[in-house]
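When you get a sec, could you build the whole thing from the sequences and use the hints?
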Amino acid sequence: MAKIEIVQKSEISAQEGAAIQEICPFGAIEYIDGKLDISAGCKMCKICTKEKPEYFTYVEDEEREEIDKSLWNGVVVYVEHTYGKIHPVTFELLGKARELAEEINHEVICLFAGYNIADKGGELIQFGADRVYIYDEKELEDYRVEPYAAVFEDFIKHQKPSVVLVGGTTVGRSLAPRVAARFRTGLTADCTSLSIDENTDLAQIRPAFGGNIMAHIKTRDKRPQFATVRYKIFSAMEKDERRAGTIEICSISKELLKSGITVLESKEKPKAKYIEDAEVLVVAGKGIQKEEDLAIIYELADQLGAMVASTRPLIEAGWTDPKVQIGLSGRTVKPKLIITCGVSGSVQFIAGMKNSEQIIAINTDPNAPIFNIANYSVVGDIYEVIPKLLEKLKLEKREKIEVFV
Amino acid sequence: MDITVCIKQVPSTSEVEIDQETGNLKRDGVDAKINPYDLFAIEGAVQIKEQTGATINVVTMGPNQAADILHEAFTLGADHGYLITDRKCAGADVLATAKALSEGIKKIGKADLIICGKQTTDGDTAQVGAEIAELLDIPHANNILAIKEIKKESLVVDVDMPTMIQTIEIKLPCLISVDKDLNQPRLPSYKVKKATKNKEITAYGVCDFEDSNEMHYGMNGSATQVIRIFPPTSNSNTESWEGTSDELATKIADKIVELKIL
Amino acid sequence: MTTATMQYEAIDQNDVNYLLSIVGEEGLFVGENNIHDDYSGDELAGIERYPEVLVYPKNTQEISKILKYANENRIPVTSRGQGTGLVGGSVALYGGIMLSTEKMNNILELDEENLTVTVEPGVLLMDLTAFVESHDLFYPPDPGEKSASIGGNVSTNAGGMRAVKYGVTRDFVRGIEFVMPDGTVMNFGGKIVKNSSGYSLKDFVVGSEGTLGVISKLILKLLPLPKHKLSLLVPFKDLSSAIKTVPEIIKSKSIPTAIEFMQGKVILASEEFLGKKFPDNSSDAYLLLQFDGNSKEEIEMNYEKVADICLECGALDVLISDTDERHDSLWTARGAFLEAIKASTTQMDECDVVVPRNKVADFIIFTDQCQKECDIRISSFGHAGDGNLHVYLLRDEMDEETWNKKAAAVFERMYQKAFEMGGAVSGEHGIGFAKLPYLEEEFGEKGMELFRRIKLAFDPNEIMNPGKLGSNYRVSLY
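Chains as they are written, first to last, in full-length UniProt numbering: chain Y, 1 to 405; chain P, 1 to 262; chain F, 1 to 478.
A few of these clues could be false.
Unchecked claim - Example chain P residues on the side facing chain Y (calculated, C-beta under 10 Å, incomplete): (1) Asn-64; (2) Ala-66; (3) Arg-87; (4) Glu-134; (5) Leu-172; (6) Ser-245; (7) Lys-255; (8) Leu-259.
No wet-lab data here; the hints were simulated from the structure.
If you're wondering where the values come from, they're calculated on a predicted model, not measured in any experiment.
Don't be surprised by glycine CBs; every beta carbon is placed ideally from N, CA and C.
If you want it as structure tokens, here you go:
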């Protein structure tokens, strides 16, 4: 078996022992009574074999079990949906699947499981699928992990795909590991980049340690290779109404669709209550001259599905609630996107939002401190820019809807 | 009712770096703590215990020092601690980790309910829970927002679904993984800490398991391999835009589309 | 609306031209229309007064030239850091020049051999602490407002929670480069550890609130950074048993870095404000203790001793916070107390009184009585370990007249009580403009005369921050 071997000829002093322990970032090297050992904390990162080759050597598998990768064909996209309404992450995955499949001359295959969905497969072809397999059963009406996993198992057994892509939604992250474990194969979660080798090995890149490091991961000796990808990572293809493909309705024994789960109620998600929880924030600053003018800020937030936050002066004027104040004495936020409107950027304010992923700042004063930390500094008057922006966003939305309908 | 909570010891800070020269992971010291997400799982179990008088078993896989987090779990209200520690488990990926934990859970005995945290702060994969459920062949539900009712043979819970919140009834035995909205974890009690200082912890190795084939654990039992690790590229680009308000609005709108906010 | 005769010259075009020649166009703003309204006040509510010009000097020489000119032309000068003061200390009561040190925000030198850091006055506290901590060093003073400038901290002798173990800003000022009102640049103290060379002029400057001259550079003392920290949240059945435990903790000689007290109702207010649960809210009163040390073992030894004392004194339990997430859950709530109280009422006024540590319990019981007797809501939290209390009077639905009258009467009673106990007007916020009448009560005529003579020794023409410490001018803005 692959392992790290310890070669120790003589007793090691306590001092040296402590120094050797230091080299392991996982604290897995043990030193007891002059002897070194490796504990279960070992991640097989092999740093010790590089730093102290005199003590640690890596021993590769004597014989790795080889599998015939040519028996596994196709790039599968699992179709995520809510009662038949397809989640957009599916189209993004189709875009990526197309790219990967063309690289290795495989087909793009969709697995679509649900109830009353038999007529909904066409759209998947227009967005890049070659074949769509549909399981349409009453038992699949609500998402429940056991029947969905059973369908997935049935599908994989029949198709033997090489790659399976699943959206990194709460459902995908529940279903994919369940099925991957059933086939004792690998699953790489939340991939941010995917490419494929000639031998059909999927090169998966994902963040770990809260995004502080990136890991390049492969599933070398198992098939299929599962990966989940979050929404808004990849891009969907342009819809092509002339694309051809096949749709097949599959059947499965009812016996396999039993579940210990009953869905009692479905309700809408409550909107984020606090600005810390919002993904997108629009911030009103002192550039707003009258309380009524906040209307354009709320409209912009509405367009973007964002929450409105504000700076202290507006709260002191009584125009906004103290609970939406960003800053040292208010709340610290780090949304995906923050658009500051007429905010000059006091020290206190900036301390409360500088870790936002993307900052677009709109202000008339080119020397405003907010521009020192903004990703996109927009030198302009909010009273002119925002109404124009609203027009453009509405136009953009209309186009989007047309594409999808 | 017997509840098993799976926990993990993680570095006390996720601020790790990659040494640019050697490509190695750099970590200051080896300070460790309970994975923060697991605290919601423990608190959830303790609240059930307060309502129903359940017994709480806590299990972890890791080096000997991981016993610390089992002791800490006692100060939060857990009853028994189990440590899976074996060099054969070294280098485990999700599959091999789930394998070792599921075998450990079988070895502990009866578990009506297994609770996991949503994810860890080092691996961030959020999939060990579901794989344990598969290996134990019991139903599971992820991203539990609330535990609404504890019945004799089932649980009623709120689940965070992609576009809605679902209330489901799930039969016991089952596994749930819980989100941070579930509760506000309590702090360790000094009183209990003093009282449980010498409490024993049960240690298991692969040879204690029903399946003691070492090819199913650690690096050998792993389906995935980490080829390399590297630092993320920072995309801290800054641009300054000037022009007519029409041009500016176009640029902002394009950026919003590019960021997929719409 | 001033009550004293103005003896200052209004700023004219010649003055503006001169200032322009020193600080350049980007460093000068003239007139109310061009000066950002942040500069018309500080965090003291209800006060607004614009300077005639606002200047941003970039170095000591520019400060020197500005002061020399102002001194010769009898123009008042108010220096200002970030304007986060709570007592009106940096409000330009008499107009004139406002001298902002914001552009002087460079960290000049980290001297690891002498364990000092040399900084310009405009450096922010949060930037300073982040900088020294990245070098494994520690600047212990910990005033709540992290966006304050270090110059402002020194000018008010700001305190903070870690005073229990480490002391306040004054204890960490080693040397000051100081510009006298006539433009002379002086150096008080230095990198030296010991100094018994005459009057400590440096210590006159610390806490002088800009009334003696302008700080242009600071040498601050640093300590090695403690590697570990830990907090204890200790629930008690009521506030008085909580606070009575504090002297016992101090006596134990295992000194925590901070000892804060908090009341259940304030915790509930902050939960509601933040929308986040506190790890425990079942008790009426809590002590929050913080420890630091270089090893886990060292901290453990210290905290266990203190935890045992707490249990002996009737604590219901002792809850341990030893990770970042747990610290966050405690200290975020602690940090939101002020805003939470603010959000729970229409207006509030605060006193920052300090009493000997063994009198804290009595004083809190006294404020509780005031609350009942005077029919006014009072909220308090504070630094139980150093005797510095933040007591907030809440206006709620009172009309303005009743509120003004009642607040004044309650403050009067509280300060009287504090003086009886051997306390002082201000623990860490300073006197500024708002607390002057109470300062007079504390020091009496003789004391105020001494203040004045010190002021005149530095600033015979009285150009520095008139209307504040040591000044005979009084302004009524209300």
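Hints broken by the structure, by number, lowest first?
none
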